[in-house]
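Asks: Given next are the chains, with one letter for each unit.
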Amino acid sequence: MSALPRRVIAALSIPPSVGLAVFYVWPLLTLSFRAIDGDAVQTTLGRRATWEVAWFTLWQAVVSTLMTLVVGLAPAYIVARFNFRGRQLLLGLITALFVLPTVVMGAAFLALLPDGMNQSIAAVIAAHVVFNLAVVVRTVGPLWEQLPSDMEGAAATLGASPWRVFTMITLPLIRPALVAASSIVFIFTFTSFGVVRVIGAAGTRTLEVEVWRQAIQLGDIRTAVVLSILQMVMLAAVVVWSSRAQRRYSQPLGLEPSARRMPRRGSERRQVALIGITSFAVCGAPLFALAARSFSTPSGWSIAAWTQLGRTEVRPGIRLGIDPLDAVRNSVENALWATLFAVVIGALASLAIAAARNTGRFLDVGMMLPVGTSAVTVGFGMLITFDQAPYDWRAEWWLVPIGHALVAVPFVVRATVGVLRSVDPQLHAAAATLGASPTRAWQTVVVPFLWRPLTVGATLAAAISLGEFGATSFLSRSDSETVPIAIEQLLGRTGSLLQAQGYAMATVLAVVTIALVAAVDRSHQLRTLARSTINGPN
Amino acid sequence: MAHLSVDNVDLSFETATVLTGATLTVDQGEVVAVLGPSGSGKSTLLRVIAGITAPDAGTVTLSGDDLTHVPTHQRGVGMVFQENQLFPHLTVGENVAFGLKMVGIPAVERRATASDWLARVGLAGFDSRQVSALSGGEAKRVALARTLAVEPRIVLLDEPLTGLDRELHDRLARDVSDLLADLAITAILVTHDPDEAATIAVRSLHMDDINE
Amino acid sequence: MTIRKPASAAVALMLVVGACSSDDAATIEPAAITLVTYDSFPDAETSMNEALQAFSSETGIAVEILVAGDTGTMLSKAALTVGNPEGDVMWGIDNTFLSRALNEGIFEPAARPVGAELPPEFTQLSPDGLAVPVDFGDVCVNYDLAWFADADIKPPTSLSDLIDPAYSDLLAVQNPATSSPGLAFLLATIDEFGDDGWQDYWTALRNNGARVFDGWTESYYGSFTGAGGSGRPLVVSYGSSPPAEVIFAEPARKEALTAVIESTCFRQVEFAGILAGTEHPNEAAQLLEFLVGETFQAELALNLFVYPTNSAVELPQEFIDFAVVPESSRSVGPERIDANRSNWIDTWTSLVLG
Numbered sequence: 172m173s174a175l176p177r178r179v180i181a182a183l184s185i186p187p188s189v190g191l192a193v194f195y196v197w198p199l200l201t202l203s204f205r206a207i208d209g210d211a212v213q214t215t216l217g218r219r220a221t222w223e224v225a226w227f228t229l230w231q232a233v234v235s236t237l238m239t240l241v242v243g244l245a246p247a248y249i250v251a252r253f254n255f256r257g258r259q260l261l262l263g264l265i266t267a268l269f270v271l272p273t274v275v276m277g278a279a280f281l282a283l284l285p286d287g288m289n290q291s292i293a294a295v296i297a298a299h300v301v302f303n304l305a306v307v308v309r310t311v312g313p314l315w316e317q318l319p320s321d322m323e324g325a326a327a328t329l330g331a332s333p334w335r336v337f338t339m340i341t342l343p344l345i346r347p348a349l350v351a352a353s354s355i356v357f358i359f360t361f362t363s364f365g366v367v368r369v370i371g372a373a374g375t376r377t378l379e380v381e382v383w384r385q386a387i388q389l390g391d392i393r394t395a396v397v398l399s400i401l402q403m404v405m406l407a408a409v410v411v412w413s414s415r416a417q418r419r420y421s422q423p424l425g426l427e428p429s430a431r432r433m434p435r436r437g438s439e440r441r442q443v444a445l446i447g448i449t450s451f452a453v454c455g456a457p458l459f460a461l462a463a464r465s466f467s468t469p470s471g472w473s474i475a476a477w478t479q480l481g482r483t484e485v486r487p488g489i490r491l492g493i494d495p496l497d498a499v500r501n502s503v504e505n506a507l508w509a510t511l512f513a514v515v516i517g518a519l520a521s522l523a524i525a526a527a528r529n530t531g532r533f534l535d536v537g538m539m540l541p542v543g544t545s546a547v548t549v550g551f552g553m554l555i556t557f558d559q560a561p562y563d564w565r566a567e568w569w570l571v572p573i574g575h576a577l578v579a580v581p582f583v584v585r586a587t588v589g590v591l592r593s594v595d596p597q598l599h600a601a602a603a604t605l606g607a608s609p610t611r612a613w614q615t616v617v618v619p620f621l622w623r624p625l626t627v628g629a630t631l632a633a634a635i636s637l638g639e640f641g642a643t644s645f646l647s648r649s650d651s652e653t654v655p656i657a658i659e660q661l662l663g664r665t666g667s668l669l670q671a672q673g674y675a676m677a678t679v680l681a682v683v684t685i686a687l688v689a690a691v692d693r694s695h696q697l698r699t700l701a702r703s704t705i706n707g708p709n
Numbered sequence: 168m169a170h171l172s173v174d175n176v177d178l179s180f181e182t183a184t185v186l187t188g189a190t191l192t193v194d195q196g197e198v199v200a201v202l203g204p205s206g207s208g209k210s211t212l213l214r215v216i217a218g219i220t221a222p223d224a225g226t227v228t229l230s231g232d233d234l235t236h237v238p239t240h241q242r243g244v245g246m247v248f249q250e251n252q253l254f255p256h257l258t259v260g261e262n263v264a265f266g267l268k269m270v271g272i273p274a275v276e277r278r279a280t281a282s283d284w285l286a287r288v289g290l291a292g293f294d295s296r297q298v299s300a301l302s303g304g305e306a307k308r309v310a311l312a313r314t315l316a317v318e319p320r321i322v323l324l325d326e327p328l329t330g331l332d333r334e335l336h337d338r339l340a341r342d343v344s345d346l347l348a349d350l351a352i353t354a355i356l357v358t359h360d361p362d363e364a365a366t367i368a369v370r371s372l373h374m375d376d377i378n379e
Numbered sequence: 044m045t046i047r048k049p050a051s052a053a054v055a056l057m058l059v060v061g062a063c064s065s066d067d068a069a070t071i072e073p074a075a076i077t078l079v080t081y082d083s084f085p086d087a088e089t090s091m092n093e094a095l096q097a098f099s100s101e102t103g104i105a106v107e108i109l110v111a112g113d114t115g116t117m118l119s120k121a122a123l124t125v126g127n128p129e130g131d132v133m134w135g136i137d138n139t140f141l142s143r144a145l146n147e148g149i150f151e152p153a154a155r156p157v158g159a160e161l162p163p164e165f166t167q168l169s170p171d172g173l174a175v176p177v178d179f180g181d182v183c184v185n186y187d188l189a190w191f192a193d194a195d196i197k198p199p200t201s202l203s204d205l206i207d208p209a210y211s212d213l214l215a216v217q218n219p220a221t222s223s224p225g226l227a228f229l230l231a232t233i234d235e236f237g238d239d240g241w242q243d244y245w246t247a248l249r250n251n252g253a254r255v256f257d258g259w260t261e262s263y264y265g266s267f268t269g270a271g272g273s274g275r276p277l278v279v280s281y282g283s284s285p286p287a288e289v290i291f292a293e294p295a296r297k298e299a300l301t302a303v304i305e306s307t308c309f310r311q312v313e314f315a316g317i318l319a320g321t322e323h324p325n326e327a328a329q330l331l332e333f334l335v336g337e338t339f340q341a342e343l344a345l346n347l348f349v350y351p352t353n354s355a356v357e358l359p360q361e362f363i364d365f366a367v368v369p370e371s372s373r374s375v376g377p378e379r380i381d382a383n384r385s386n387w388i389d390t391w392t393s394l395v396l397g
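Residue numbers (my numbering), protein chains in the order written: chain F, 172 to 709; chain Y, 168 to 379; chain A, 44 to 397.
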């Protein structure tokens, strides 16, 4: 994978590096220099409460991550290996859970939990598992799907039982993707905010919650920034480990376009059905609860929330200033731009990371950091950095999609680098022996493998933007209310109509997300089909 | 009595019917070649025999045992795949020893056996090499050694020599032929190359003869 | 990007105007200015926004609304950008945040005094007039009328009733560390039981089964029986929640579902002010004057569900029917809140959550 000329690698890594430096490193440094001094560091790190919060943050993230991996492998398996009715819907459902604003999903999830489990750590971890399944399914899936299924067949003919095939062949081969997925899930659960606040007992605090509490509720920016750096340092250690591990475990594989097929044998059908139905039940229940609430009023079922959703005048003479259609338009626009930024930057970064040695490592870790940095910190950093001409950007519309892209790029990178590293170097060598220049060989051999992970990454990026992750909720906005903001506004007011409308909008967001994911997967399938038709069935 | 018999196997995928009443018998120690163009179902036939793909109808019997519903790993059917399918996370030696490990042979013993097999296919001393460092011909030999090391009841060879240059192909074809003869093992070779079939097999069949 | 054009056009206009005004401030047309506010302030399409447009057409001062997040976020951002603010006028700093805002120096004096005619009970909270009181409301314990009627229990009437075993496991409150009504309710208890007594009260409240939520939405919609939640007929919410429940009821209704316990109410007063460092102090002062004028103040009740501080304004009928303005709400001085907030919250956390 290192056959690209040095200057091409350098050229590839410039845009992502510059983007990261300008929109992440610079704001962060500005805020840090403004807010931190030795005293603040000493006081904050000297508090016992700081370390209690850090310890809780760490252990709940480790447990959540391990459980997400174990639970997520089953749906990842059926989605990667089989075609079955409802496959795209399941993928969409799983992704929607990941993407929907946690405040909304948390409320839906809470409604489903048995009474004794309310407001407990177990409930927080269960929610983390369900909401992050998408990361495992979507990160491990692309690699698993392209693993030659004959390799498992080869192991079976050598006498390996299905379990041993899984543990001795499949698992080691998908390990780079598993490591990638676990590092993403870890980062998300380590920085968990909405789930902890809504589902956890009052006062349950991760570092992310504590940063927010200090900065917003107590107005103590100094402590907040110190805590946010502590959070980043702890996460950076994990990211460095995961980046190393991914390199170590990645094996050149003869990847195949797609080995998905209908389940054939009876046992296989039962297995797919069992996993599929369970996944549907687990992932569908919160969304179903959400939709149900949009029809529920104190005196029974009603469709009023839906019939009045497009109307801004909710009661004679009273308008809310919340325009759902406008919000959907704003959200979709943001998502398109964020996806564009994330895919372009992510693709360049992935190529550079996969091809380069040292610069690649820096970029790999660097790209991951924004996800692990407290949203308050990045948002406030941008606020005080981009405040002077010629870079007075704090009111610019594009700062929001860039903020989303900052969080989305690592997903594109993680989905792509794993596959790129696994591209068989022999393919590459073969192209070179046929007289192709290194760059040309790359284009013909490597680039075709980019499409699948890039589409996956693009879907996640769009979804992340729709769900308004990260720092942008701390940027100011002018006449550009998005769906998550509209939902929060509706659920932040009194009145059964407004509550039902909030849930109706959340349902709309869920449906849009599911449709988006299904559409991308479908377009991808069509392309794969076209390719396999051209190349013949073998 | 036939060692292997495939009786009236039907198989169709979502888009195509591949096997219709496929019937084939192979005697103990016989090496049979199955010829046919791409997409004629040769590879699928081998997968049905190995149990990797389940047939819609029909039976597969090996020395009198009905294997139709026996899972692959309990069939004792060895298979060499077109793309070798060496395990990239294991060394060459570990690849060859993989099947031995599955039947519970202790580490020391299986390492020795693997070394012997590597020597037999002309790769003495390759034990600790990485799979990714092998040339095309070497990889084929490792795949062969890995399959033969577990002494399967029958060996299935799915276009094992495609993608090699002529000279290498011919040399390897002779080596495979010698090896199979030495072991007196039952084998089915799937190929589209009549010369290769003639070199390795004692009897050649066409897919048209096998399908109804 | 069509929908963003008005905004960017306004920004462009601001730049042009700003560039000119530096040369020749006196003769140039009035500038466009920005009103920074919290997220429940509607940014378009309501009668409040129409009132602002009327202001613009009258004075020639275009007003752009910039939503900065919830009150805490808005204040933290203003504190970080003192001298180079995101806008010119800020709306919505409440009395629990007022001292912090004043200490951080986010406001500058208006070119001429604004709001001097407002009731002294409000203006005295910011004696130098830097922050102008614009609206007020209460945070009170709400109760579900039907639940108490069905259960044939008399609703509680005071804070002390809430620790009566007759009302055990009935109350939902919010964490004062993360919720604005939660903090207001804590302050109400501090006002009632004093510096030395509130701790015992909260211990008793906890022992009587009060359940704590991190945010208002979870407590009100998740738990309050009066809003379709399951479990608790008593919740800390707003004094304006009962009229809102009627106005936004689905299906529509005429009679109240919920009511407040007056003696538990804590008064929240919201303030507006001119952001320190504005480039348009004159226009900002004009806007601030307008914000406390009758036209705009008349829009507050049904848009923000708060009461106008301008006593000349008449309230809409729904408010008169269902909302209660307590005779005397509880209050704690802004300086005292600011000085003790951290300690109170820490003590509360270890008492109630620890």
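Treat the hints as calculated values from the structure; they're not laboratory data.
Just so you know, even glycine gets a beta-carbon here, dropped at the ideal spot from N, CA and C.
Treat the hints with caution; some may be incorrect.
To spell it out: a stretch of chain A is covered by chain F in this simulated footprint if at least three of its residues, at any positions, have a beta carbon under 8 Å from a beta carbon of chain F; those stretches are [to be verified]:
1. 108 to 120
2. 124 to 137
3. 312 to 319
From the derived model, a few chain Y residues whose C-beta atoms are all more than 12 Å from chain F [stated by the list, open to error]:
4. Thr190
5. Arg214
6. Arg242
7. Glu276
8. Arg278
9. Ser295
10. Arg333
The list that follows gives simulated cross-link-like pairs (lysine to any residue, SDA-like), each with its CA atoms no further than 20 Å apart [what the hints assert, rightly or not]:
11. Y:Lys268 with F:Trp334
12. Y:Lys268 with Y:Arg296
13. A:Lys297 with F:Pro333
14. Y:Lys268 with F:Pro333
15. Y:Lys268 with Y:Gln249
16. A:Lys297 with F:Arg486
17. Y:Lys268 with Y:Gly225
18. Y:Lys268 with F:Pro343
19. Y:Lys268 with Y:Asp294
20. Y:Lys268 with F:Leu342
21. A:Lys297 with F:Thr468
22. A:Lys297 with A:Leu188
23. A:Lys197 with A:Asn251
24. A:Lys297 with F:Gly488
25. A:Lys197 with A:Ala97
26. A:Lys197 with A:Ile304
27. A:Lys197 with A:Lys297
28. Y:Lys268 with F:Ser332
29. A:Lys197 with A:Arg143
30. A:Lys297 with A:Gln360
31. Y:Lys268 with F:Thr468
32. A:Lys197 with A:Ala299
33. Y:Lys268 with F:Gly488
34. A:Lys297 with F:Leu229
Asks: Hints the structure violates: just list their numbers, smallest first.
Replies: Checked against the structure, the hints that fail are numbers 3, 5, 6, 13, 15, 17, 25, 27, 29, 31, 33 and 34, while the rest are satisfied.
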